[in-house]
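Asker: Counting in our numbering, the sequence shown runs from 352 upward without gaps.
Mixed in with the good hints, there may be bad ones.
Claimed, not checked - Straight line, CA to CA, 20 Å or less: simulated EDC-like cross-link-like pairs of lysine to aspartate or glutamate: (1) K406 - D375; (2) K492 - D429; (3) K406 - D429; (4) K521 - E535; (5) K409 - D429; (6) K522 - E542; (7) K493 - E475.
To be verified - Pair ranges (Cβ atoms, derived): (8) K492 - T362: 36 to 46 Å; (9) N518 - C374: 39 to 49 Å; (10) T372 - E542: 41 to 51 Å; (11) R446 - D407: 39 to 49 Å; (12) I358 - D528: 44 to 54 Å; (13) T372 - R426: 32 to 42 Å.
I should point out that these hints are in silico values taken from the structure, not numbers from a laboratory.
Heads up, the beta-carbon is just placed ideally off N, CA and C, and yes, glycines get one too.
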Amino acid sequence: IVNDTVIIPNTVKTISPFAFTNCDVKYLSIPNSVTEICDSAFLSCESLEEVILPKDLKKIRNAVFQNCINLKSVRMSDNITEIMQLSFANCSSLREINFSKKIKKIGFSAFYKCNYLDNIILPESLEQIDQMAFQECSSLKKLNMPINLKEIGNFAFLYCSNLENVNVNKKCQIIHDGVFDLCEKLNLNFESSLFSYFDINNVSSINILNENIYNYNLNFLKKIQKEELISNIYEKLFENNKTYNLDKNSF
């Protein structure tokens with residue numbers, strides 16, 4: 352460590368688990384020779400402010416930067432395909448992250464309580480957002496849902512209290528429990544309603560842009576009907592193998 356900077360030799364290929372846990376360091380200089388950073392390698396480096404990841408790194412592993420409470424900026428290469436669980440959890444100062452254009456999955460609680468993230472651009476390659484991935488990112492205002500996104504896990508955006516607008520594309524047909532719960536400013540738009548599962552509470556408005564809803568939560572439907580949250584629902588509601596015929600005048 353030199354002048355608050357970790358300088359890793361360019362002969363190193365793997366950084367071992369817990370290698371720098373709790374180190375008092377502000378900056379990381381990781382050479383491009385490094386192809387693997389193991390679990391919790393920089394866990395709780397509370398002074399760490401900036402990270403530039405090596406170009407051949409394929410995965411950001413479990414809890415690598417968890418509890419790095421002063422981490423502000425992360426730059427990753429375009430070869431990263433997965434951000435694993437708790438990778439940046441409790442990085443409460445994180446403001447900027449440029450996602451790899453090859454990322455397929457963002458794991459469980461990967462960005463949990465990243466309170467300063469306010470605008471992220473998810474890459475079009477992304478297919479899965481795992482449960483609680485962005486829970487309590489309370490400054491997050493804008494969010495794009497990539498065209499190839501297929502699944503959003505439980506409570507992925509729970510308590511994102513300033514999230515305002517989200518458009519969910521028609522390929523995303525698995526939306527698990529509570530994905531946008533308690534996003535009270537959220538205006539939510541769906542291109543498709545052919546969900547395997549869907550349940551949301553306490554959002555500002557919901558707009559479903561086509562005519563069929565399957566496996567919809569009927570109690571939730573009644574709730575949002577009463578609160579006038581839905582602006583477009585048409586026919587064929589299925590729950591417990593029963594069919595409910597609805598038309599737009601029902602709302």
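Asker: Does each hint fit the structure? Answer for all of them.
Answerer: Taking the hints in turn, this is what the structure says about them:
no., hint, result
1, K406 - D375, "25 Å, violated"
2, K492 - D429, "25 Å, violated"
3, K406 - D429, "7 Å, holds"
4, K521 - E535, "23 Å, violated"
5, K409 - D429, "9 Å, holds"
6, K522 - E542, "9 Å, holds"
7, K493 - E475, "16 Å, holds"
8, K492 - T362: 36 to 46 Å, "44 Å, holds"
9, N518 - C374: 39 to 49 Å, "41 Å, holds"
10, T372 - E542: 41 to 51 Å, "44 Å, holds"
11, R446 - D407: 39 to 49 Å, "26 Å, violated"
12, I358 - D528: 44 to 54 Å, "46 Å, holds"
13, T372 - R426: 32 to 42 Å, "22 Å, violated"
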